Amino acid sequence: MRAAYPQIEGDVDRDGIGVHYEVFGEGEPTLFLVPPAPISHSRLWKGLIPHLSRHYRVVTVDGRGNGKSDRPTDLGAHAVDLNVEDLVAVLDATGTQTAVVVAHCHANWWAVSLAHTYPDRVDALIAIEPGVPYLGRPQPHWVETAPHWDEILEDPQGWELNNRHVYVTRHSDWIEWFFGQQLVEPHSTKQFEDVVGWALESTGEVLAAGEEGFDEGLPGRKAVEEICGSLRIPTLTIHGDLDVCQHVDRGREFARITGGELLVFEGSGHLTPAREPVKVNRAIRRFVDQIEGAPMPSHTWTRGLSRKRKALYLSSPIGLGHVRRDLAIAQELRGIEPDLEVDWLAQHPVTAVLESADETIHPASEWLASESGHIASEASGHDLHCFQALRRMDEILLANFMVFQEVVEEGSYDLVIGDEAWDVDYYWHENPELKRASNVWLTDFVGYLPMPDGGDHEAYLTADYNAEMIEHIARFPRIRDRAIFVGNPDDIYPEVFGPGLPKIRTWTEEHFDFSGYITGFTPPTPAQREEWRSELGYDLSEKVCVVTVGGSGVGRDLLEKVIDAYPKAKEMVPELRMVAVAGPRIEPESLPRHQGLEVRGYIDRLYRHLAICDLAVVQGGLTTTMELAAAQRPFLYFPLRNHFEQNFHVRHRLHQYGAGRYMDYHDTDPDQLAQAIADEVGREVHYREVETDGAERAARMIAELL
Amino acid sequence: MRAVEPVSTGFLERAGVRLGYEVFGEGDPTILLLPTWTIIHSRFWKMQVPYLSRHFRVITYDGPGNGLSERSTDPDRYGAEEYARDAAAVLDACGVDRAVLVGLSLGGKYGIRFAWMFPEKILGLVMIGPSLDLGMSLPERQAVFDRLYEPAVADPQGWEKYNIAYWHTSYTDFTEFFFSQCFSEPHSTKPREDAVGWAADSGPEILETESLAPEPEPADREALAGLTCPVLVIHGTHDRIAAHAAGEEAARLTGGTLATLAGSGHIPNVRDPVKVNLLLRDFVGGLAS
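Chains as they are written, first to last, in numbering that gives the first Met the number 0: chain Z, 0 to 705; chain L, 0 to 288.
For the record, the hints were derived by calculation from the structure and aren't laboratory data.
Mixed in with the good hints, there may be bad ones.
[As the list claims (entries may be wrong)] No farther apart than 25 Å at their CA atoms in a straight line, the calculated lysine-lysine pairs in the DSS-like style are these: (1) Lys307(Z) <-> Lys160(L); (2) Lys309(Z) <-> Lys189(Z); (3) Lys309(Z) <-> Lys189(L); (4) Lys278(Z) <-> Lys434(Z); (5) Lys307(Z) <-> Lys434(Z); (6) Lys560(Z) <-> Lys542(Z); (7) Lys274(L) <-> Lys434(Z); (8) Lys67(Z) <-> Lys189(Z); (9) Lys542(Z) <-> Lys502(Z).
No experiment lies behind these values; they were computed from the predicted model shown.
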């Protein structure tokens, strides 16, 4: 899922070539984001659109040759003036009289030409890694390979791939080489996949025509310098000093000639909008507000000693388990520090739980892009590749971090508590100067682990993500003031982070404190259990089996399989009473029916049913399984396929408690499932006791920071 | 020692009074830090001058009655219009055409008058805890204004000390009380000592003369509504001298920005100098571009 979708999109017809545009937000002024094409398209701006469109109106365009625009192969169709006229046509079509243009790489020459030819349409130019011809100095590999552009080379290597015939016949070789060189920053696997993927949406033929069209009819060096020097608009140039496409001197020269501001990113390559989106977002915002002369807003500042203690709590919306334990921790914290005010920055479905608990939800919560929606969109059947789903959530996490950062800068918080708030943890380590409060990190697992089906490449990716996390914490120990592992050292999966990386357990014991598990509720005593049973309408002679698959639509397949097993199970256990809970996203009516089987959409306080049942059939999520472990109930659990956390971390932890029976969804047929139900239902179990003081222990660790 | 010394110092004479001014730094634009009630002198800007003068040119001067300026005995010379003319004369003497004016308390009133009388010379106006005639005085303050010229009561307590007869017999006790009210924040011993010390450079005769100064025309409310320059009002919620509501009203009348300082008293530029400095820099920086 994207973090933001356009309010309007459309195409302009330019002599038969369709050029696509999108419009986001409605503030002032309009920012016109122009990507280089055909090498890339408007998704290049995915890290900027959600933030900028909350403050300004944003128009994006797919340059001819990629994205949702047409792909002419004739070099004449890629002339600079045609590209410039495309921009004018999009401005006209979107009713944009003037705009601040933001361009990347060689799109800056189009932007400069636009400002030069249509000075009344451009308020300012933000030139990112500008590829304005001649300025500064070119990278030597462009100069060296240019004479051989049209030749047929024997076994070209490296920069020699910059060749028309390579483009046309081995397009992806060139693209992978080119972007492999550009992403000089370590841990850029996701950005690499993105930019390569966008480039490959076009073809080598189109790309070659684009290159040739760009060069055709370029004015000489002097004319380019004069055009740049004649611009009468404010400019901001952003340039990575390790850029191997456009030399940083080109950016320096552009800033100098235009009399504008220069922002050099040290250690960055050619793709700062993708690789340093937080800094680029903030630089754009500051520049635009400055040139617009935005008046200082009225506001209140509270002097230090007049402030109440305040915490901002972020509770991950992926699974409902976090909010239960977070509420328990917040309650314990207030016991220690009664004046503590807690604001929650949270999203659905967490907000529903918080509202019913009368907690204060920060109004900026409405700006958060949906993480649970994204995860649901990534699941298919009884399968969720949660590592890849998390990687593909990058733009949502970034969008939400930008919201968080504004909240924390305005809110005078003493403390940020992030329960698996991946965005805060990651981007504060990436932008350590933005940290504004003491910071608590909570998690119930450490370490991305590859699924066997993913092969070597997935093992490489998970190791790279783990390595980045380890480096973050080694380099900036001041970002996490307290890291709390919700569990015990024995719960940690006995593996290493990856080849050459430390053991997960050793490293975690060095870098975390352990609160023990936090269920967020107290399991009933045997006497209470009988009371609850009759309150909930279950007869003591019945054998109650509760089937639940969580709040998302992911569980339908499992639900159907259990329902298929019901007749056989009922035959084997005549006193069986099965209650299947469909949850909010699955229509109960859409499921198969059987005599005696109860299918319910929603059950109030489901945990009470789970706590007294004779058997539960569930997915492999930590919260529900540990709830059942704490209540000493027999249960069958089916981890989602490809979900490393459920398959490794949760399963390992349940093993520590001796709790539950692991089942493989794909290897279990309804008859086997019926047999497992018959074996387990009503079985007396003796799991290791689940601790009940976890929330209090976590709260005491956190309160030390207040 | 001061944190920063002036790059130049000068005197000028206007309407029979010799006025002293100091210039710090050399950036652009120029910020003129106005005098306030003449009970204290321009050292009350000591927490602003070093920071602001690294970014802008900063001019301070003393009004009649304290600091480097002459102790005038003419009540008319203490009117807001005279203060505005003095400010214009200081800018002229420094060769400055236009400046941002910043005034504390009564200095806000002087700033409004300057903006009203010399709109071409002002880039922006900042009023900190402005003490204005908007009919919005704090009730306990209004009561003492009404008793200002009454005979002193025996063993006066609190605001009963705000009485000219009492000033003549117990000036230091009065200033200690008064600045305890200005600095209502806990742990304000040093700011109070500073202010009491600066007050010793003025005296009861001068304050009595000042109290007889004429009110300007048109009144503050009408002048505020007519201002066209950008305005920032900084006002503490615990201001016991000038009501926060009056600052809010001043921002509303001018369409300006209100920065509320929750928990702050009447002189936040001394007591919360970091926040005030950053606000001033943001405001002036926003004007410059």
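Do the hints match the structure? See the list:
no.: 1; hint: Lys307(Z) <-> Lys160(L); in the structure: 35 Å, violated
no.: 2; hint: Lys309(Z) <-> Lys189(Z); in the structure: 36 Å, violated
no.: 3; hint: Lys309(Z) <-> Lys189(L); in the structure: 30 Å, violated
no.: 4; hint: Lys278(Z) <-> Lys434(Z); in the structure: 13 Å, holds
no.: 5; hint: Lys307(Z) <-> Lys434(Z); in the structure: 20 Å, holds
no.: 6; hint: Lys560(Z) <-> Lys542(Z); in the structure: 20 Å, holds
no.: 7; hint: Lys274(L) <-> Lys434(Z); in the structure: 19 Å, holds
no.: 8; hint: Lys67(Z) <-> Lys189(Z); in the structure: 22 Å, holds
no.: 9; hint: Lys542(Z) <-> Lys502(Z); in the structure: 44 Å, violated
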